[in-house]
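Taken in order, these protein sequences are the chains called P and X.
Here the first sequence stands for residues 164 to 447, where the numbers follow our numbering.
Here the second sequence stands for residues 164 to 447, where the numbers follow our numbering.
Treat each hint with caution, since some may be false.
Repeated chains share a single entry, so a pair holds when one copy, or any two copies, can fit it.
[Said to hold, decoys possible] In the DMTMM-like style, the derived pairs of lysine to aspartate or glutamate whose C-alpha atoms are separated by at most 25 Å in a straight line are:
| hint | residue 1 | residue 2 |
| --- | --- | --- |
| 1 | K204 | D307 |
| 2 | K376 | D360 |
| 3 | K204 | E233 |
| 4 | K442 | E322 |
| 5 | K427 | D405 |
| 6 | K355 | E269 |
| 7 | K251 | E378 |
| 8 | K427 | D208 |
| 9 | K355 | D405 |
| 10 | K294 | D405 |
| 11 | K204 | D263 |
| 12 | K355 | D263 |
| 13 | K427 | E413 |
| 14 | K306 | D360 |
| 15 | K306 | E215 |
| 16 | K251 | E303 |
| 17 | K247 | D317 |
| 18 | K387 | D405 |
| 19 | K427 | E303 |
| 20 | K294 | E424 |
| 21 | K294 | E413 |
| 22 | K294 | D360 |
| 23 | K251 | D360 |
Calculated directly from the structure, the hints in this document are not laboratory data.
There are 2 protein chains.
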Amino acid sequence: MSPTIAILAPGAMGSAVARRLSDHGARVLTSLRGRSEATLKRAADAGMVGAEDDAIAAADIILSIVPPGEAVALAERLAALIVKRDKKPVVVDCNAVNVDTVLRIEEIIGSAQAPFVDAGIIGFPPQRGGKSPAFYMAGEHAKDVTVLRDLGLDVRIVEGPVGAASALKMAYAGINKGLAGLGSAMVLAATKAGAADALRAELALSQPAMLAKLEVALPDMIPKAYRWVAEMREISGFLGPDHPASQIYEGFARWFEHLAEDAKGEGADTELLRAFAAKGGKKG
Amino acid sequence: MSPTIAILAPGAMGSAVARRLSDHGARVLTSLRGRSEATLKRAADAGMVGAEDDAIAAADIILSIVPPGEAVALAERLAALIVKRDKKPVVVDCNAVNVDTVLRIEEIIGSAQAPFVDAGIIGFPPQRGGKSPAFYMAGEHAKDVTVLRDLGLDVRIVEGPVGAASALKMAYAGINKGLAGLGSAMVLAATKAGAADALRAELALSQPAMLAKLEVALPDMIPKAYRWVAEMREISGFLGPDHPASQIYEGFARWFEHLAEDAKGEGADTELLRAFAAKGGKKG
């Protein structure tokens with residue numbers, strides 16, 4: 164019999180994962196109490212079934228997929244539900260949280276005697292017929308959820324303790340989103356100093372792969388910058404407050420905050436970034 | 164007749180450029196008063212001729228190639244020499260300084276009524292028989308030094324005012340050295356959390372060009388980190404103290420400071436970086 168999976172919450176990633184699982188025959192529950200009409204519709208479209216807390220706690224696997232700032236509160240809510248039950252679901256934290264946070268979540272879930280898996284998602288929400296993002300899983304119970312492979316998810320075991328999958332997610336995001344951060348800062352500064360064309364020409368000659376990456380990464384970043392602010396702060400926390408590199412990621416948080424505000428407002432800076440990226444397309 | 168070029172100072176870049184110019188028939192002067200035995204030897208090996216200040220001020224072109232922190236003081240020294248002369252040399256500031264600094268240097272050289280060129284060097288010191296780094300030149304007098312092309316330098320004119328070449332240099336360094344900075348921070352943090360192999364595997368799958376770049380950039384960065392501290396502060400100054408991204412580059416300065424100290428001391432962190440980079444080589 165196909166397992167019952169609960170996914171909290173039915174956001175963009177959570178509902179796309181639910182769609183993939185339900186397409187593969189899983190029963191996917193979620194919590195819909197107090198959610199907006201738009202969320203109810205998105206959940207229904209994804210084949211998710213609204214369920215009360217007791218039913219969610221009775222699932223075989225619970226996937227926590229929420230914004231980083233909500234991960235601990237959701238774990239506390241789940242632990243309170245699970246602690247009363249004899250049969251415990253495996254709880255998988257899939258959030259972009261730092262290692263300290265995921266260890267705290269492991270402790271919270273452990274207090275309800277439920278098995279816990281540390282997961283990190285790398286890639287975009289799965290589209291119907293498209294490929295799954297990578298679900299990196301770490302901790303001794305990671306092998307207990309490999310059934311998700313049969314349900315269409317790209318599950319990859321990280322050999323390492325709880326925290327290793329979140330560390331991987333932080334490091335990967337820290338490299339890729341960090342590059343978008345410093346690339347946007349430098350492209351803008353060069354543009355304002357009249358050196359954009361020269362920068363483009365030099366990159367095309369000496370670093371063509373870097374130029375190609377920036378041409379994709381800069382416009383892709385603009386609508387996501389507001390979400391990346393919190394993720395950059397998680398990465399700063401991943402390094403730790405006294406770490407000599409944590410200031411870099413505090414700086415990225417501030418920079419993405421500026422770009423997000425610019426994009427919402429007059430868009431002067433984001434327009435210059437789009438212009439730099441678009442020049443590559445014109446050649447082709 | 165081949166022009167007389169003065170290069171201050173005969174450091175690693177300055178002497179390599181001198182070697183290239185003297186190999187092409189230029190007479191290359193430098194100032195050797197009070198310099199170490201090692202510097203005297205390096206200058207002689209590069210075909211440089213030690214000269215008094217008056218002779219240096221009589222050169223056709225003066226190239227300023229010094230650490231960023233010394234650029235303004237050298238400009239003041241040159242201006243004091245040049246102001247007394249009827250025939251003025253073209254003064255080219257080739258240093259990794261920010262736009263404000265190069266505008267200040269332009270003013271200093273202008274006070275001696277000498278033509279001024281803003282230049283930025285991108286690439287490694289030229290080796291005998293090897294290619295020249297790119298010498299980007301900006302400002303109305305950039306065309307006055309294109310004779311350097313006939314002397315073996317890769318001179319490229321940036322269409323833009325004084326400051327555009329330095330802006331290009333800052334932006335290019337800010338992207339490349341910044342990537343080495345965040346790559347090293349994230350690789351180290353992932354390694355310490357037991358996720359280095361997973362990070363390498365994910366990069367190999369989804370970002371092979373990025374992995375290849377990090378494998379070269381991380382070990383290359385280690386012996387240079389101490390020099391990059393000041394350059395990161397120049398880039399922060401290039402953005403300006405109130406710029407929302409300047410904190411990123413203050414963070415890089417602090418991080419490179421840490422790596423430079425680590426490399427001089429026990430080398431625990433730099434060893435982990437070398438180990439990550441070396442794993443790629445083992446496959447080939």
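Evaluation of the provided hints:
In this assembly of identical chains, the alpha carbons of K204 and D307 never lie at most 25 Å apart, being 31 Å within a copy and 68 Å across copies at closest. Proximity of K376 and D360 under a CA criterion of 25 Å is satisfied in both settings, with 17 Å inside one chain copy and 23 Å between copies. For a Cα distance limit of 25 Å, the shortest separation of K204 from E233 inside one copy, 22 Å, qualifies, whereas the shortest one across copies, 64 Å, does not. For the identical chains of this complex, K442 and E322 are inter-copy neighbours only, at 17 Å across copies versus 43 Å inside a copy, given an alpha-carbon limit of 25 Å.
Taking the shortest alpha-carbon separations for K427 and D405, only the inter-copy value of 21 Å comes in at or below 25 Å, while the best intra-copy value is 33 Å. With identical chains, the CA atoms of K355 and E269 are at most 25 Å apart between copies only, with a shortest distance of 19 Å across copies and 48 Å within one. Neither within a single protomer nor between protomers do K251 and E378 lie at most 25 Å apart by alpha-carbon distance, with minima of 47 Å and 44 Å respectively. Proximity of K427 and D208 under a CA criterion of 25 Å is satisfied in neither setting, with 29 Å inside one chain copy and 59 Å between copies.
In this assembly of identical chains, K355 and D405 lie within 25 Å of each other by CA distance solely across copies; the values are 16 Å between and 34 Å within a copy. When the C-alpha separation of K294 and D405 is checked against a cutoff of 25 Å, the pair qualifies neither within a copy, at 39 Å, nor between copies, at 43 Å. In this assembly of identical chains, the alpha carbons of K204 and D263 never lie at most 25 Å apart, being 35 Å within a copy and 55 Å across copies at closest. Taking the closest pair of Cα atoms, K355 and D263 come within 25 Å of each other only across two copies (13 Å); inside a single copy the shortest separation is 40 Å, beyond that limit.
Taking CA atoms no more than 25 Å apart as the test, K427 paired with E413 passes inside one copy only; the shortest distance there is 21 Å, against 27 Å between copies. For the identical chains of this complex, K306 and D360 are inter-copy neighbours only, at 18 Å across copies versus 52 Å inside a copy, given an alpha-carbon limit of 25 Å. Taking the closest pair of Cα atoms, K306 and E215 never come within 25 Å of each other, the shortest separation being 28 Å inside a single copy and 76 Å across copies. Within a single copy, K251 and E303 get their C-alpha atoms as close as 16 Å, which meets the 25 Å cut-off; across copies the closest is 75 Å, which misses it.
In this assembly of identical chains, K247 and D317 lie within 25 Å of each other by CA distance neither inside one copy nor across copies; the values are 32 Å within and 74 Å between. Only between protomers do K387 and D405 lie at most 25 Å apart by alpha-carbon distance; the minimum there is 24 Å, versus 28 Å within a single protomer. In this assembly of identical chains, K427 and E303 lie within 25 Å of each other by CA distance neither inside one copy nor across copies; the values are 44 Å within and 39 Å between. When the C-alpha separation of K294 and E424 is checked against a cutoff of 25 Å, the pair qualifies neither within a copy, at 33 Å, nor between copies, at 45 Å.
Proximity of K294 and E413 under a CA criterion of 25 Å is satisfied in neither setting, with 33 Å inside one chain copy and 40 Å between copies. Proximity of K294 and D360 under a CA criterion of 25 Å is satisfied inter-copy only: 23 Å between copies versus 37 Å inside one chain copy. For the homomeric pair K251 and D360, neither the shortest alpha-carbon distance inside one copy (60 Å) nor that between copies (32 Å) is at most 25 Å.
Checked against the numbered hints above, the structure breaks hints 1, 7, 8, 10, 11, 15, 17, 19, 20, 21 and 23 and satisfies the rest.
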